[in-house]
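**Student:** Working from the sequences, and respecting the hints, build out all of it.
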Amino acid sequence: ARQSASPMELLLLGTLRYLGRGWTFDDLEESTAISGEVHCVFFHAFIDFGSDFLYNKHVITPSNYHNATTHMEEFTEAGLPGAVGSTDATHIVTEKVEYNI
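Residue numbering for the sequence shown follows our numbering, beginning at 7 and increasing consecutively.
Just so you know, the hints here were simulated from the structure itself, not pulled from any lab data. It is possible that part of the hints are untrue.
Here are the simulated distance ranges between beta carbons [as the list claims (entries may be wrong)]:
#, residue 1, residue 2, range
1, Gly28, Glu80, 25 to 35 Å
2, Thr67, Pro87, 13 to 23 Å
3, Ser10, Asp33, 14 to 24 Å
4, Leu86, Asp32, 33 to 43 Å
5, Asn62, Ser10, 32 to 42 Å
6, His64, Ala84, 14 to 24 Å
7, Ser37, Glu79, 31 to 41 Å
8, Asp32, Asn73, 40 to 50 Å
Quick caveat, the model's predicted, so the values are computed rather than measured. Using N, Cα and C, we set each Cβ at its ideal position, and we do this for glycine too.
**Tutor:** And the structure:
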């Protein structure tokens, strides 16, 4: 008899727990009844897909003054004047910027 596939939703949520909360693949196995090895394989495939496809589709670096100031408004409202972006809640420092923002 053929085994049914693991639910994609649980694999994706497991990947997010691994990244965001520091869960181990063993933790994910215990909480989803999907083997840690399956979670590990999915995680690496998802990271490859994210870096090859999703990043280029959804992450946009401001390329001119107007785009930068649009993003800066959101960060200024949040109490981070001068910031133009963040990744994983880490501030991005830009050095040797070609234009004065």
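**Student:** Each hint: holds or not?
**Tutor:** Here's how the hints hold up against the structure:
| no. | hint | result |
| --- | --- | --- |
| 1 | Gly28 to Glu80: 25 to 35 Å | 28 Å, holds |
| 2 | Thr67 to Pro87: 13 to 23 Å | 19 Å, holds |
| 3 | Ser10 to Asp33: 14 to 24 Å | 23 Å, holds |
| 4 | Leu86 to Asp32: 33 to 43 Å | 37 Å, holds |
| 5 | Asn62 to Ser10: 32 to 42 Å | 33 Å, holds |
| 6 | His64 to Ala84: 14 to 24 Å | 20 Å, holds |
| 7 | Ser37 to Glu79: 31 to 41 Å | 40 Å, holds |
| 8 | Asp32 to Asn73: 40 to 50 Å | 43 Å, holds |
Of the numbered hints stated above, none is contradicted by the structure.
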